[in-house]
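Engineer: Listed below, chain by chain, are the residues.
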Amino acid sequence: MIPISARYDCDFAIVGGGIGGLMAGIAAKDAGAERVIIFEKCHPLRSGSGAMGNDHFRCWLEEEHGPLEDLVRQTLASPIGQVRDPLLLRQSLEKSFDIVKMWDEWGIEMRPTGKYEFMGHAFPGKPRPTLKYNGTKQKKVLTDQAKKRGVEILNHHPVLELFKQEGRIAGLLALDMTKEEPSFVLVRSKTVLLSTGHTSRLYITGPTPAYMFNTSHCPNNAGGQALGWRIGAKLVNMEIPYRHAGPKFFARSGKGTWIGVYRYPDGRPIGPFATKPDIYYGDITGDVWNTAFSDVLRDGSGPAYQDCSGATPEQLAFQRKAFFSEGLSAMVNYMDDKKLDPAENAFEFMPYEPTLHGRGIEINERAETSVPGLFAAGDMVGNGGAGIHPAAYFGMIGGQNAAADARNLDFLPLEENEQVQERMAFYSSFAERKVGPDWREANFALQQIMSDYAPAGPERVRTENILNAGIAYLEQMRQEMFETAIAPNSHTLMRLAEVIDLSDCGLAIMHAAKARQESRAYHRRADFRFTNPLLAEKQLNVFLENGEVKTEYRNKWK
Amino acid sequence: MPPVIDPALCKKCGRCADICNSHIFYFNRDAREVPVVRYPEECWHCDCCVLECPAKAITLRIPLPFTMLHVPSNTLKPRS
Numbered sequence: 000m001i002p003i004s005a006r007y008d009c010d011f012a013i014v015g016g017g018i019g020g021l022m023a024g025i026a027a028k029d030a031g032a033e034r035v036i037i038f039e040k041c042h043p044l045r046s047g048s049g050a051m052g053n054d055h056f057r058c059w060l061e062e063e064h065g066p067l068e069d070l071v072r073q074t075l076a077s078p079i080g081q082v083r084d085p086l087l088l089r090q091s092l093e094k095s096f097d098i099v100k101m102w103d104e105w106g107i108e109m110r111p112t113g114k115y116e117f118m119g120h121a122f123p124g125k126p127r128p129t130l131k132y133n134g135t136k137q138k139k140v141l142t143d144q145a146k147k148r149g150v151e152i153l154n155h156h157p158v159l160e161l162f163k164q165e166g167r168i169a170g171l172l173a174l175d176m177t178k179e180e181p182s183f184v185l186v187r188s189k190t191v192l193l194s195t196g197h198t199s200r201l202y203i204t205g206p207t208p209a210y211m212f213n214t215s216h217c218p219n220n221a222g223g224q225a226l227g228w229r230i231g232a233k234l235v236n237m238e239i240p241y242r243h244a245g246p247k248f249f250a251r252s253g254k255g256t257w258i259g260v261y262r263y264p265d266g267r268p269i270g271p272f273a274t275k276p277d278i279y280y281g282d283i284t285g286d287v288w289n290t291a292f293s294d295v296l297r298d299g300s301g302p303a304y305q306d307c308s309g310a311t312p313e314q315l316a317f318q319r320k321a322f323f324s325e326g327l328s329a330m331v332n333y334m335d336d337k338k339l340d341p342a343e344n345a346f347e348f349m350p351y352e353p354t355l356h357g358r359g360i361e362i363n364e365r366a367e368t369s370v371p372g373l374f375a376a377g378d379m380v381g382n383g384g385a386g387i388h389p390a391a392y393f394g395m396i397g398g399q400n401a402a403a404d405a406r407n408l409d410f411l412p413l414e415e416n417e418q419v420q421e422r423m424a425f426y427s428s429f430a431e432r433k434v435g436p437d438w439r440e441a442n443f444a445l446q447q448i449m450s451d452y453a454p455a456g457p458e459r460v461r462t463e464n465i466l467n468a469g470i471a472y473l474e475q476m477r478q479e480m481f482e483t484a485i486a487p488n489s490h491t492l493m494r495l496a497e498v499i500d501l502s503d504c505g506l507a508i509m510h511a512a513k514a515r516q517e518s519r520a521y522h523r524r525a526d527f528r529f530t531n532p533l534l535a536e537k538q539l540n541v542f543l544e545n546g547e548v549k550t551e552y553r554n555k556w557k
Numbered sequence: 000m001p002p003v004i005d006p007a008l009c010k011k012c013g014r015c016a017d018i019c020n021s022h023i024f025y026f027n028r029d030a031r032e033v034p035v036v037r038y039p040e041e042c043w044h045c046d047c048c049v050l051e052c053p054a055k056a057i058t059l060r061i062p063l064p065f066t067m068l069h070v071p072s073n074t075l076k077p078r079s
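So the protein sequences, as listed, match chains G and H.
Counted from 1, the first sequence has number 18 at position 19 by numbering that gives the first Met the number 0; the numbering is strictly sequential.
Counted from 1, the second sequence has number 22 at position 23 by numbering that gives the first Met the number 0; the numbering is strictly sequential.
Treat the hints as calculated values from the structure; they're not laboratory data.
Do not rely on the hints blindly, as some may be mistaken.
What the hints assert, rightly or not - Below 30 Å or equal to it, Euclidean Cα-Cα: the simulated DSS-like pairs (lysine-lysine) are:
no., chain 1, residue 1, chain 2, residue 2
1, H, 76, G, 136
2, G, 139, H, 10
3, G, 146, H, 55
4, H, 11, G, 275
5, H, 10, G, 100
6, G, 125, G, 146
7, H, 55, G, 338
8, H, 11, H, 55
9, G, 147, G, 114
10, G, 178, H, 76
11, H, 76, G, 147
12, G, 163, G, 555
13, G, 139, H, 11
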């Protein structure tokens with residue numbers, strides 16, 4: 000058995016030191032929580048999809064956008080709004096500018112042009128919903144703020160399992176991977192917040208199938224939704240695929256940072272929204288039609304290119320600076336090295352493989368999940384929106400509410416929990432076994448099942464028969480993985496635990512996709528080809544109850 | 000495979016191993032040798048090791064399949 004190297008008791012344990020987790024720690028301390036510990040898989044300065052920076056912060060400012068309800072309606076009508084609960088969107092937007100001012104005060108550059116300016120991701124002539132900022136220092140500033148308040152951060156401590164007792168959260172099991180030999184860390188915590196980021200590596204990588212880590216967002220965020228799933232937390236929108244788009248074949252997010260026009264080979268714009276580069280609006284075609292870049296290849300009218308050649312030198316200089324703000328320095332260095340000047344070259348774009356981005360754990364207006372005492376924030380949340388602003392807001396709200404709840408709670412006995420011993424033995428078995436498939440084999444096995452049996456539209460379809468087959472194949476693959484996989488050191492055990500989490504997410508996706516008997520967005524059912532208007536105002540939950548997968552619709556929270 | 004460490008510049012501090020979000024480096028703190036890029040295929044090419052290295056000893060080599068496909072902008076026009 001892998002030994003336990005440390006035990007901790009805390010008021011509030013946070014899983015993941017990204018934007019949501021750090022804001023939760025800061026807010027919990029400000030709200031009076033005593034011991035707050037962040038369990039971080041890597042290092043909070045450079046972890047998660049905000050690791051290197053971001054440059055758009057969606058927020059509401061009345062003098063810019065008019066009444067709050069106008070921006071709420073505009074967001075709900077967009078592709079990113081369709082999976083959200085209006086109640087949570089309204090609530091987070093209402094306080095969004097308070098966070099902007101707070102970050103500005105802390106030293107994150109929220110006014111890179113000298114004033115608050117809204118740019119990008121915008122329809123011509125409509126209010127621009129995102130504040131342009133420079134996020135290169137955001138993780139350092141938030142980490143410093145957390146540490147200043149006494150938040151403890153355990154680096155290289157991914158969380159393997161959560162535990163529930165007496166109907167509420169009781170604690171967690173983490174892996175200490177600071178050494179080659181793995182050890183366990185057992186934590187009793189009155190409250191817990193999950194903020195593990197969005198999930199990559201479920202599907203065969205779109206740009207380069209042989210390179211699993213060539214992903215638009217951080218590939219080390221993999222399957223954290225499963226930590227809640229296994230203790231019965233409700234998931235939502237798992238069946239609605241999200242597909243990001245960007246340069247081909249160097250997968251990078253940040254398409255809104257480019258200021259060019261998407262064009263056909265004959266120079267015509269592919270969308271109706273932009274005809275020349277514009278730093279205030281960009282070309283929103285890529286946001287509303289993510290699969291344009293593969294659609295035009297399938298119908299023969301492509302490829303489609305991001306063309307910045309019409310930009311002025313000042314606009315191109317602005318774009319270059321913004322690339323760094325967005326954390327794209329590796330891409331800029333590559334372009335410099337290859338002498339790829341955007342003034343003279345047009346870059347082909349492509350849609351990437353599906354990810355769980357703003358799909359996953361369901362939270363309420365307290366940022367609490369359906370498991371009492373368990374909170375969630377960030378891109379792993381399924382009904383609150385993805386991106387910087389919801390991560391920051393729901394992290395903050397979750398931290399405040401967790402701190403308040405913890406004051407009235409006692410620790411629950413964890414050592415007597417049978418699941419603790421069972422899960423430690425389960426993870427130890429991989430370290431004890433000498434021969435068998437490693438995490439890579441398991442991850443590829445999962446990806447090929449997901450890509451064939453729970454595929455995303457528009458080019459691929461799902462049916463009940465295909466999904467039933469996929470569920471059966473995935474269960475077989477999981478069983479073999481559980482019984483035969485090996486993990487000879489702490490690094491490979493961390494990776495294998497990710498694949499176990501990913502496979503739980505895969506099951507949740509397939510069961511939810513089976514239950515949604517209609518086509519909606521990139522969830523395309525060949526046996527239910529229509530979009531059912533009666534489901535437009537509903538959310539589909541998928542969850543575990545006494546070991547059985549359940550699904551149920553509920554009305555959207557207004 | 001990325002990243003590439005220049006052993007002549009590396010100060011053997013282990014910062015890259017501590018900071019990498021993919022855990023691709025192996026660094027033996029007791030031996031204090033140049034870190035080994037142990038899991039190169041797990042690199043996200045995020046650039047954090049390059050930016051965090053106090054000796055500027057690390058560069059990224061972007062793999063050939065990650066080529067950014069491009070054409071000269073002036074070719075985007077109707078063909079005769």
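Engineer: Now tell me, hint by hint, if it's right for this structure.
Structural biologist: For each hint, the structure was consulted:
| no. | hint | result |
| --- | --- | --- |
| 1 | H:76 with G:136 | violated (41 Å) |
| 2 | G:139 with H:10 | holds (23 Å) |
| 3 | G:146 with H:55 | holds (27 Å) |
| 4 | H:11 with G:275 | violated (49 Å) |
| 5 | H:10 with G:100 | violated (40 Å) |
| 6 | G:125 with G:146 | violated (41 Å) |
| 7 | H:55 with G:338 | holds (22 Å) |
| 8 | H:11 with H:55 | holds (12 Å) |
| 9 | G:147 with G:114 | holds (28 Å) |
| 10 | G:178 with H:76 | violated (58 Å) |
| 11 | H:76 with G:147 | violated (57 Å) |
| 12 | G:163 with G:555 | holds (27 Å) |
| 13 | G:139 with H:11 | holds (23 Å) |
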